[in-house]
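Novice: Given the sequences, and given the hints that come with them, work out the whole structure.
Residue numbers (this note's numbering), protein chains in the order written: chain L, 4 to 114; chain V, 811 to 937.
Treat the hints with caution; some may be incorrect.
Derived BS3-like pairs (lysine-lysine); straight-line CA-CA distance at most 30 angstroms [claimed, not checked]:
1) L:110 to V:883
2) V:855 to L:49
3) L:110 to L:49
4) L:49 to V:883
5) V:815 to L:49
It should be emphasised that the hints constitute simulated quantities derived from the structure, not laboratory data.
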Amino acid sequence: QSVLTQPPSASGTPGQRVTISCSGSNSNIGSNTVNWYQQLPGSAPKLLIYVNDQRPSGVPDRFSGSKSGTSASLAISGLQSEDEADYYCATWADTLSGPFVFGAGTKVTVL
Amino acid sequence: QITLKESGPTLVKPTQTLTLTCHFSGFSLSTDGVGVGWIRQSPEKALEWLALIYWDDDERYNPSLRSRLTITKDTSRNQVGLTMTNMDPMDTATYYCVHGVRRRHCSGGRCYYFDYWGQGTLVTVSS
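Specialist: As structure tokens, this is what we get:
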């Protein structure tokens with residue numbers, strides 16, 4: 004059971020906008036920055052968004068992240084077939100020995 | 811160009827100790843603000859962070875696995891190791907080595923995020 008809650012699935016047609024939520028608490032998202040990872044089938048996860056809303060170089064600007072209070076969101080605008088993947092949110096748990104924690108992941112399907 | 815590659819056994823028996831090595835290139839683990847960690851992914855695709863070692867030799871572990879884990883680094887050889895004792899079939903997973911970097915204007919162990927991942931190595935625990 005993950006401390007970060009994501010919907011198990013999301014879907015959209017090409018060109019649509021899809022949003023994935025990540026819900027936490029004051030002891031994780033509420034007090035730390037959020038990162039998002041994309042995992043294509045058969046590949047290792049790849050950093051998609053860091054520090055809530057920053058994109059690493061090479062990540063298309065149709066991917067955007069936001070954070071408000073104890074929740075975060077990842078939006079994919081102009082959905083493309085190659086965006087079909089698993090998406091994970093992650094942050095630090097804000098305890099003395101707090102681990103880095105992940106959501107359970109959201110499978111995005113392009114219809 | 812930062813790359814990381816994991817190596818180690820693909821099969822271990824229950825109660826045995828797992829030893830993994832991460833060989834990396836493109837950065838130095840003696841550089842301020844850099845770390846190398848381990849994350850595993852179960853067959854059900856759940857991601858679990860295991861440990862992180864920092865440029866200044868500090869270490870951080872997942873509290874739920876702390877008693878079983880040891881992370882080490884050999885800066886001169888660009889290697890990071892992970893040992894996990896008392897392996898169990900539930901530890902069957904793909905183990906990833908990751909590059910950590912400290913975000914700007916932040917100090918402390920929780921300021922790091924993981925921007926590069928190795929390809930992963932599948933470890934199966936079975937008798």
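Novice: Now tell me if each hint is right for this structure.
Specialist: Here is what the structure says about each hint:
Using a Cα cut-off of 30 angstroms, the hinted pair residue 110 (chain L) and residue 883 (chain V) is violated, with the two alpha carbons roughly 35 angstroms apart. Pair hint residue 855 (chain V) plus residue 49 (chain L) holds up; C-alpha atoms about 14 angstroms apart against a cutoff of 30 angstroms. Only pairs whose Cα atoms come within 30 angstroms are accepted, and residue 110 (chain L) paired with residue 49 (chain L) is accepted, the gap being roughly 15 angstroms. A hinted pair counts as satisfied when its Cα atoms are at most 30 angstroms apart, and residue 49 (chain L) with residue 883 (chain V) qualifies at roughly 24 angstroms.
About 15 angstroms separates the Cα atoms of residue 815 (chain V) and residue 49 (chain L), which keeps this hinted pair within 30 angstroms; it holds.
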